[in-house]
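Trainee: Start from the sequences and build out the full structure, keeping to the hints where you can.
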Amino acid sequence: MPTNILMPALSPTMEKGNLAKWLKKEGDKVKSGDIIAEIETDKATMEYEAVDEGTIAKIVVPEGTQDVAVNAVIAVLAGEGEDVKAAASSAAKASAAPEKKAEAKSEAKPEVKQPPKAEAPKAPAQPAAAAKPAEAAPKQGARVFASPLAKRLAKDAGVDLSRVEGSGPHGRVIARDVEAAKSGKGLRAPGAAPAAAAGAPSIAPAMSDQQILGLYEEGSYDLVPHDSMRRTIAQRLTAATNSMPTFYLTVDCDIGKLTAAREEINAAAPKDKDGKPAYKLSVNDFVIKALALALQRVPEANVSWSEAAMLRHKHSDIGVAVALPFGLITPIIRQAETKSLSAISNEMKDLAARAKGKKLKPNEYQGGTSSVSNLGMYGIKDFTAVINPPQSSILAVGTGEERAVVRNGKIEIATLMSVTLSCDHRAIDGALGAQLITAFKTLIENPVMMIV
Amino acid sequence: MTDRAAGYFLRVLMADTSFDVIIIGSGPGGYVTAIRAAQLGFKTAIVEREYLGGICLNWGCIPTKALLRSAEIYHYMQHAKAYGLKADNVGYDAAEIVKRSRGVSKRLNDGVGFLMKKNKVQVIWGEAAIDAPGKVTVKAGRGEAPKGTLGAGQYQAKHIIIATGARPRVLPGLEPDKKLVWTYFEAMVPPAIPKSLLVVGSGAIGIEFASFYRTFGTDVTVVEVLPQILPVEDHEIQAFARKSFEKQGIKIMTGAKVTKLDKKSDSVTATIEADGKSQQITVERVISAVGVVGNIENLGLEKLGVKTERGIVVTDGLGKTSVPGIYAIGDVAGPPMLAHKAEHEGVVCIEAIKGLHPHPMNKAMIPGCTYCSPQVASVGLTEQAAKEKKLDIRVGRFPFVGNGKAIALGEDQGLVKVIFDKKTGQLLGAHMVGAEVTELIQGYVVAMNLETTEEELMHTVFPHPTLSEMMKEAVLDAYGRVLNM
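Each protein sequence line maps, in turn, to chains A and B.
The numbering of the first sequence is our numbering, which starts it at 1 and goes up by one.
The numbering of the second sequence is our numbering, which starts it at 453 and goes up by one.
Hints listed in this document are in silico derivations from the structure and should not be mistaken for laboratory results.
Hints may be right or wrong, so weigh each one.
Stated by the list, open to error - Calculated lysine-lysine pairs in the BS3-like style (CA-CA distance at most 30 Å, straight line):
1) Lys-842(B) / Lys-16(A)
2) Lys-273(A) / Lys-356(A)
3) Lys-16(A) / Lys-875(B)
4) Lys-599(B) / Lys-610(B)
5) Lys-185(A) / Lys-772(B)
6) Lys-875(B) / Lys-359(A)
7) Lys-358(A) / Lys-875(B)
8) Lys-381(A) / Lys-356(A)
9) Lys-874(B) / Lys-185(A)
10) Lys-185(A) / Lys-815(B)
11) Lys-358(A) / Lys-24(A)
12) Lys-841(B) / Lys-182(A)
13) Lys-839(B) / Lys-182(A)
14) Lys-875(B) / Lys-182(A)
15) Lys-21(A) / Lys-875(B)
16) Lys-647(B) / Lys-699(B)
17) Lys-842(B) / Lys-182(A)
18) Lys-361(A) / Lys-875(B)
19) Lys-841(B) / Lys-185(A)
20) Lys-839(B) / Lys-16(A)
21) Lys-16(A) / Lys-874(B)
22) Lys-358(A) / Lys-874(B)
23) Lys-359(A) / Lys-874(B)
24) Lys-842(B) / Lys-185(A)
25) Lys-16(A) / Lys-359(A)
26) Lys-25(A) / Lys-339(A)
27) Lys-874(B) / Lys-182(A)
28) Lys-24(A) / Lys-359(A)
Mentor: Structure, rendered in structure tokens:
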């Protein structure tokens with residue numbers, strides 16, 4: 001008898017959720033306790049554990065599907081010795097009307113397994129409380145003692161429990177601590193928590209909230225509570241700054257040819273019947289493509305540091321920082337080296353639009369092998385950007401402007417754009433970084449080479 | 453040599469009147485605070501003018517429980533047949549019932565004396581007044597001073613904790629006279645069980661006496677000025693309890709007021725106004741149970757500038773009054789006027805003095821129990837209070853008729869009700885009426901204090917067969933998962 005795997009309820013009030021990711025594929029064997037999928041609601045992501053042994057016969061709901069009803073069949077598991085194909089075909093029937101059928105079944109037949117409740121206490125220290133992009137926040141340190149209510153409140157508010165100062169017995173985090181933390185009170189510096197996270201080298205503690213508040217006259221400021229994105233940015237970038245030895249390389253790029261080519265290409269764009277061009281390339285689209293190709297030319301720099309080994313990426317997945325009203329996010333152009341400029345351009349427009357609507361799926365902003373941060377449109381001449389781990393480089397792009405340059409002993413006018421590459425020295429040494437940025441400069445100054 | 457010896461002698465004498473902490477009043481708040489103070493290493497004294505253990509042990513909680521136990525057993529004897537038993541010529545002896553109750557009080561009263569000795573808390577016998585921060589004058593107390601106590605005199609202490617408790621409220625026209633119009637003092641030691649009784653006030657004290665006397669056949673009328681009896685309880689529980697009482701033959705008049713008492717030699721005619729109409733009833737005795745007021749008088753508070761408000765001492769949640777060095781806990785520091793609140797408030801107060809940084813008591817998690825039949829117990833928000841606060845709630849209920857143990861006990865009338873915050877799953881309140889619920893409520897109190905949500909309660913295994921299973925069922929009911937209904 002194949003077992004239906006049902007959409008779990010992460011809380012008693014949950015009615016539907018997103019199937020963020022399958023960690024098993026059809027044909028995979030699973031045993032009790034294996035994590036088979038990631039389920040997310042607007043507030044949290046939870047790992048979904050298998051309760052039965054068997055083989056995944058059929059995945060009914062593909063990953064990335066939004067708003068899957070609780071108790072809908074999401075996959076079918078064939079038991080030991082059962083025919084996987086037969087189980088899969090039974091799933092086909094089941095999936096015809098997954099919702100209705102699943103409900104009817106779970107009432108009628110006791111053998112249909114209810115999915116386990118992915119309850120908070122089971123999960124380690126921080127049950128995916130950090131709303132999405134925070135995911136890399138390590139499951140480090142000691143267990144955080146917190147009351148069940150505090151855990152739930154923290155999850156709902158996107159507060160990282162490991163950073164909350166507990167006022168209960170033996171430092172247990174209780175509901176009022178989470179309430180206070182929402183307004184930033186009693187929050188530890190990220191990473192500094194909890195108290196003595198075994199053997200971690202002690203970093204000079206950040207100022208306490210009390211100390212900070214003490215420096216300003218009361219009433220001279222408004223307290224704006226952090227949302228989860230703000231906390232995530234703070235956490236991740238602090239972690240990056242603290243853990244990564246970073247160096248910076250700056251070059252000026254002559255984008256005269258690029259500007260001309262861009263105009264030419266845009267002018268030649270075919271128009272649809274409304275007169276809308278099929279594409280309109282920005283300088284940034286060229287930057288993305290050039291960085292992607294540069295990483296392919298210098299593959300030793302297309303890497304991520306992990307404690308065990310260096311990850312040498314095969315493709316150039318380029319994250320692009322998109323400013324949002326109260327934060328930022330870096331959606332990723334996958335395999336940008338293989339994509340045409342127009343494809344990159346259109347994909348970027350789509351990602352940026354959906355990022356602004358907070359509609360991005362986790363796999364659209366997680367991972368990546370390098371990033372671009374462009375502040376040229378604000379007239380910034382040059383700047384340095386903070387690397388977004390686990391990436392090991394980021395390119396900060398300044399404004400393109402006419403500057404006086406000396407060529408062959410003469411002063412000439414050229415359109416220059418300063419770019420600064422931040423490199424994680426654990427993964428990229430100075431010369432390697434220089435090779436990468438030189439490759440980039442060559443490409444961006446000679447856009448024709450990008451066509452090859 | 454001589455000089456030194458004299459100096460030494462003097463110091464010993466001085467030490468006897470000088471303490472780190474003096475606590476005024478040895479009720480449950482005072483004596484528990486004294487023990488905790490001693491545990492924390494403070495040299496501690498406690499002043500008592502009349503009874504070690506205060507009202508609770510001597511004229512409140514404990515002796516009434518003894519009386520109600522007699523009533524309960526009498527009730528069972530009357531209904532022995534229902535359990536397949538024979539009990540003929542069932543009767544009672546009022547004097548013996550009272551004697552047992554006094555015996556229980558005496559035993560506990562002695563127990564407090566023992567605890568004070570064991571913890572090296574010095575008992576000072578008499579009535580205390582505070583002359584100034586750090587200075588207490590004790591005048592002779594009432595009754596015989598127990599052995600080993602100090603008497604009238606001047607005493608010094610860095611910290612003075614007022615734990616003087618409360619006394620029955622007196623309403624004009626309803627003044628107790630010890631003979632016809634009783635307070636709980638007289639009601640607790642009746643020379644005989646009166647044929648008829650008017651109970652004014654339907655809080656815990658009034659209802660417990662109504663229940664006690666009704667069991668022994670007294671014709672009982674309860675008059676309550678508010679729209680429902682047991683005014684602090686959840687509406688549903690109030691209505692359930694009222695129905696039970698009325699079934700037992702207790703007459704209940706709510707939204708009613710006693711406006712006049714006409715005393716004869718051995719009876720009282722009361723004028724009661726309700727719904728704009730006036731009626732008269734004649735009863736043998738009247739019990740005035742219209743609440744209690746704090747004992748703030750004759751302590752010198754006014755002179756010291758200790759802030760009081762509507763008959764209670766104003767404190768900061770850690771027992772501090774407006775005057776440094778002077779603290780107040782328990783009934784005298786405000787409602788809820790319950791022994792267990794006083795005890796915890798005292799512990800918090802002394803721990804704060806010690807610098808242990810305790811949290812102020814959360815008054816939303818103090819349970820309340822009424823030992824009438826059926827019993828009533830509750831903690832946290834009532835449904836009506838939650839709605840007034842505009843909280844989005846889930847309510848679960850489970851009746852005693854669905855519980856095996858309740859049916860086996862022959863106690864199948866009652867209700868368990870729980871209130872959760874819909875969004876967070878926080879247990880906001882629990883309310884119960886029925887057999888033994890005063891022993892059950894603590895389960896919910898622990899859950900609330902540990903900040904469990906419905907999930908932990910649902911995952912907790914409750915033993916079978918017990919009344920406590922209803923507590924889990926009520927939680928399940930709140931989430932549409934009730935099993936045994």
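Trainee: Compare the distance between the alpha carbons of Lys-842(B) and Lys-182(A) with 30 Å, and conclude whether the hinted pair is satisfied.
Mentor: holds, 22 Å
Trainee: Has the given pair, Lys-842(B) with Lys-185(A), been kept, meaning a C-alpha gap of at most 30 Å?
Mentor: Distance ~27 Å between Lys-842(B) and Lys-185(A) Cα, so the pair holds.
Trainee: Within 30 Å, alpha carbon to alpha carbon, are Lys-359(A) and Lys-874(B)?
Mentor: With Cα atoms ~27 Å apart, Lys-359(A) and Lys-874(B) stay inside 30 Å; holds.
Trainee: If you draw a straight line from the CA of Lys-273(A) to the CA of Lys-356(A), is it 30 Å or shorter?
Mentor: holds, 28 Å
Trainee: Can the restraint linking Lys-358(A) and Lys-24(A) be considered satisfied, given a maximum Cα separation of 30 Å?
Mentor: Since the Cα atoms of Lys-358(A) and Lys-24(A) sit roughly 27 Å apart, the hinted pair holds (cutoff 30 Å).
Trainee: Please verify whether Lys-16(A) and Lys-875(B) have alpha carbons no more than 30 Å apart.
Mentor: The given pair, whose Cα atoms are some 16 Å apart, holds under the 30 Å limit.
Trainee: Can you confirm whether the C-alpha distance between Lys-381(A) and Lys-356(A) stays at or below 30 Å?
Mentor: holds, 26 Å
Trainee: Need the status of pair Lys-358(A), Lys-875(B): alpha-carbon distance at most 30 Å?
Mentor: The hint holds at about 23 Å.
Trainee: Under the criterion that the straight-line Cα-Cα distance not exceed 30 Å, is the pair Lys-874(B), Lys-182(A) satisfied?
Mentor: holds, 20 Å
Trainee: Does the alpha-carbon distance linking Lys-358(A) and Lys-874(B) stay inside the 30 Å limit?
Mentor: holds, 27 Å
Trainee: Next pair to validate is Lys-839(B) with Lys-16(A); report whether the Cα-Cα distance is within 30 Å.
Mentor: holds, 28 Å
Trainee: Hint check: Lys-875(B) vs Lys-182(A), CA-CA at most 30 Å. Holds or violated?
Mentor: holds, 17 Å
The structure meets every hint from the earlier list without exception.
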